[in-house]
Every structure is written in structure tokens, then in C-alpha cells.
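A.B. asks: Those sequence lines, one after another, are chains H and G. Every letter in the first sequence is one number past the one before it in full-length UniProt numbering, and letter 63, counting from 1, is 63. Every letter in the second sequence is one number past the one before it in full-length UniProt numbering, and letter 91, counting from 1, is 91.
If you're looking for bench data, these hints aren't it; they were derived computationally from the structure. Misleading hints may appear alongside valid ones.
Pairs count within a copy or across copies, as identical chains cannot be separated in the list.
When the alpha-carbon atoms are kept at most 30 Å apart in a straight line, the in silico DSS-like pairs for lysine-lysine are as follows [what the hints assert, rightly or not]:
hint : residue 1 : residue 2
1    : Lys215    : Lys26
2    : Lys192    : Lys26
3    : Lys200    : Lys102
4    : Lys200    : Lys26
5    : Lys208    : Lys26
6    : Lys215    : Lys135
7    : Lys208    : Lys192
8    : Lys26     : Lys135
9    : Lys215    : Lys200
10   : Lys102    : Lys215
11   : Lys192    : Lys102
12   : Lys135    : Lys200
13   : Lys102    : Lys26
14   : Lys135    : Lys192
15   : Lys135    : Lys208
As the structure is a computational prediction, the values presented were derived from the model and not from experiment.
2 protein chains.
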Amino acid sequence: MRKPNAVRNLYGHVMQEIGQRIVSGKVRPGEVLPREETLAENLQVSRTALREAMKVLSAKGLIESRAGVGARVLEERFWNQLDADVLTWRCASMPTDDFVDKLVEMREIIEPAAAAAAARRRTAEQLADIETAYKAMDAAQTLDAWAEADLQFHDAVLQAAGNELMSSLFSVVESALGTFFVLSARTASNFKYSLPHHQKVLEAIRRKQPDVARKAMLAMIADSQSNLQRNRSRARKKAHA
Amino acid sequence: MRKPNAVRNLYGHVMQEIGQRIVSGKVRPGEVLPREETLAENLQVSRTALREAMKVLSAKGLIESRAGVGARVLEERFWNQLDADVLTWRCASMPTDDFVDKLVEMREIIEPAAAAAAARRRTAEQLADIETAYKAMDAAQTLDAWAEADLQFHDAVLQAAGNELMSSLFSVVESALGTFFVLSARTASNFKYSLPHHQKVLEAIRRKQPDVARKAMLAMIADSQSNLQRNRSRARKKAHA
DNA sequence: TATAGTTTATTTGTATGATAAATGTCCGGT
DNA sequence: ACCGGACATTTATCATACAAATAAACTATA
């Protein structure tokens, strides 16, 4: 959807570097980082740029700086787990099934709830947006076109749910999941297989039937989920062999 | 639970000040803030301190700084709505029923899901933690003691759910809701009225019955929710009169 | 006149150096 | 053993300078 990840600035690179070191476990919670002057020297930047990076990491809950002591890496429970960068770093450093499961679990919680809320509160315009996305999915000829339309569909549903907290959560989780696979399309030989599921969701929202919408969305996710499981167990076998 | 909100540093105050201005709508999306030198002068701090604050606000998605242009306030859809500070500022600046409803909606989504997950995955230790909290609620003699034990109960359930993304979300939402009322205890004459609900949740988690746990938790929230509604409509009538 | 390319003014980005304030440690006194 | 104060270390803040990016003004040219 949106890509605020484009890092142009120097301090951004520094933040990424140190953030990854922390999230990946190269430096462990409780440890104190080298002093600013040393760190700045190591990374070939000025103390100014380094400090700006540190402030942002501090805002993300990864570190805590105190005068006279240094910057201490905080325990994981203080990290802003829902921060886009933190999530991205976790995806990059621990692409374990375990973590993917947690992301999928979040998706399973959000989307059915969003579908139900959308069925309750959608305006005519919002319904039209969902329908437009659905038609684009139906008309898609390529995998990319389908993936884009699919994302638009889910986004439109979230929009119609009318709760920006939900949208924000979805956006973060979805973008993290996106680093692993383009939804589950790439894993299906026929990438349009889930179109009927989408239609059911659309219809339920049109008719303002929250429970029907919730169940349809849940079924859709469960379906793509089982698809994914197959693929993963296959991949695991390969890794074992 | 945790209070990282304690702002000791100067740049933190600056961040709060400007962040509130943005979230409260004093400066609107699309506008560009005064140049750094001017802003620093207005707030009586150095450009360095101001810039550190701006970087953090930028990380929260509230602004975007570009050389030669200035710092532009971004549209609301780019804001990190789930950031603790952003949420706090929203609570402070728009304590409307509408926003509280959105927070409550999030709680209604998270907690039943967490209860179900806890029933599936809890360890013996985690169950013991939940039980300890329950017993503390049962034994509570004062409202404060009850509120603390209650928070511990919900926290233990989230912990047992075994998904730190869920915990993080809960923690953020709960602390935001906390700015409005101590759960719904203060609104009930008998603050222990929800103890039976808690017991049902505990039992379901003990017996590893996800669906029962989900429904019990939902019932508990719905109950406290209806309590709240009564109070609010009463307050609204008063405001109208 | 219109337009493409260039200059120029403005603003943020980065670097450097200096001082203030906070913090833990060490040491001496009791 | 305990307490309080000097001391070293590290971050916090400030001030200043210059580099780089950007948009607006300008100029040459067709």
C-alpha cells in the first residue's frame, strides 16, 4: 500500500543497522552499546547522525539511553512489536515458521472482525470500492494484477470497517506477511481459486450481514492457510533431506 | 503495567508539544511547520534538541521532512495509530465517544481471541499465573486492589496466548482505555460484579476449551460494555440539559 | 511569448567542538 | 560496615559551520 521504508537519509541507515543488530540478537537485551563517539566512528558517521538514529530506536522501545551509563538494550517485552521497522527486522532475521504463525494468527483475528464491522457500517461508496476491487480480481489476467486487486479488496474492506486502529494494524501485519509470500497466490497453481470466497464476503457486506461476512472471511483465510501449510511442510521435508 | 511515558529529557517535551499540536489538529495535514531555526527559537531549545524530536515524530509517521521544503504534516492515514504516544495524544485531544468506541472495539476483538489461544496453548505455569490473579481479585477488599488484580488477570491471559504481537496490541489499547476509566469498575456500585465472568474464563482455559473461553471473555466484555453505555448515555443527557 | 536550462535563495542534512548534567565508582572518614 | 563526597565516564544540550536538496526566480533562446 504505502512504502515509508524508503531510506534516503544517513541517520536512517544507521538506525536500520543498529536496529537489525538488536532485533537479530547480535547484541542482547541488557547489554550496553559502545559509547556514542565509538559507535559513530565505527559506522563512519558523525555523532549527530548517530544520536538521531538512537533517539528513534529509543522511541521504538529497543534501547534506553541514560547519561553516565550508556545505551542499554531493553528486554523484548518493551519493544514496540507493532512498529513497522521492528516487524520488518524480525522478518529479516528470524524467518521461522513460528513467527509467521503469529502473523497469520493476527490476520485471522483482524480480518473476520473487519469484515463483520464493514457489513454493519459500510457506506454505499465503500461498498462500491470493494466491488470495484472484486471486479478487478475477476478480470485479472496476470498474477501481479490479481495480487494488486486482492490487496485493494482487503484494504477496501478494512476501510469500510471504519476503525483506523484496525486499518493500521492490518497494514502493518499485511506488509510483514508480504515479505514471505504474495498472499498465498504464488503457492496456488490457479491463482484465482479464492475468487468465490471473495464473492461471498462481498455479498455479505452488501447485504449487511455481519456474521455471514465474518464466517466467509474466516473460511477464505483458513483456505489460503491450509494451502500455505502444505507448502511449508513440503519445504521442511526438503530441508530435512 | 509499564510506563515508558515518563519524559525526563528535553527533546521529549518538544516531541510531546509538537505531536499534540498535530494530533489535536492545531496544525493540519498538508501544512508545513515553520523552519527548524524558528521552531527551536519559539520552544526555547537548540536546533539539535528540536531535530531529535522531529526525527521521532517522523518515525511515528506524523511528519515528513525534506531538505529545501520543510517538515510537512502527513495525512492521518500515514500516522502510526498504534503508537503509544499517538494514541495518548488522541485520547487527550479528542475524548469523544466515537474514539472510545473504536478502542473498545479493538478490545472486543483481541481479548476473546487471546482467551481462545490461551486455552489452546497455556502451560501449567501460565495457568497458575492466571489463577493467582483470580484469587487476588476474589480477595480484593478495595477498588484499587481489585483493579490491579484485574489488570494482572488480563495480562496473564494475554501472556498465555503466546503471541507477543497480541500482547503488545492489548497493552497499547488497554493503556489508552485506561485514560478514560479504570476498566468499568468505578462505574459499578459493586466492583466485584464481574468475578463470575472471570471464573468462567479461568475454568475454560484450565480445561483447554478455546470456544468456551472465547465466549466467556466476550460475555465479560459485553457486560462491562453495557454498564459503560448506561453511564455514558446518562452523562450525555446531563450535557444536553 | 513560451520554454528549457541555469542561477539563486531557502531549508534540511551532516559534521565538529564545547559545555552541562547525570550516573556509577572509588575512597576516606566514622 | 556504612555513609558522604570527589572523580571519571557518558549522555544531553548547545552553538556554529558547511554541504546537499529543492523550489522558485531568472535568463537565454527559439
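A.B. asks: Run every hint past the structure and note whether it holds.
C.D. replies: Verification of the hints:
no.: 1; hint: Lys215 to Lys26; verdict: neither (43 Å within a copy, 42 Å between copies)
no.: 2; hint: Lys192 to Lys26; verdict: neither (42 Å within a copy, 47 Å between copies)
no.: 3; hint: Lys200 to Lys102; verdict: both (26 Å within a copy, 26 Å between copies)
no.: 4; hint: Lys200 to Lys26; verdict: neither (47 Å within a copy, 43 Å between copies)
no.: 5; hint: Lys208 to Lys26; verdict: neither (50 Å within a copy, 37 Å between copies)
no.: 6; hint: Lys215 to Lys135; verdict: within (21 Å within a copy, 37 Å between copies)
no.: 7; hint: Lys208 to Lys192; verdict: within (25 Å within a copy, 37 Å between copies)
no.: 8; hint: Lys26 to Lys135; verdict: neither (47 Å within a copy, 41 Å between copies)
no.: 9; hint: Lys215 to Lys200; verdict: both (9 Å within a copy, 25 Å between copies)
no.: 10; hint: Lys102 to Lys215; verdict: both (21 Å within a copy, 22 Å between copies)
no.: 11; hint: Lys192 to Lys102; verdict: within (26 Å within a copy, 34 Å between copies)
no.: 12; hint: Lys135 to Lys200; verdict: within (13 Å within a copy, 46 Å between copies)
no.: 13; hint: Lys102 to Lys26; verdict: within (23 Å within a copy, 39 Å between copies)
no.: 14; hint: Lys135 to Lys192; verdict: within (12 Å within a copy, 53 Å between copies)
no.: 15; hint: Lys135 to Lys208; verdict: within (20 Å within a copy, 43 Å between copies)
Hints 1, 2, 4, 5, 8, counting from the list given before, are not met by this structure.
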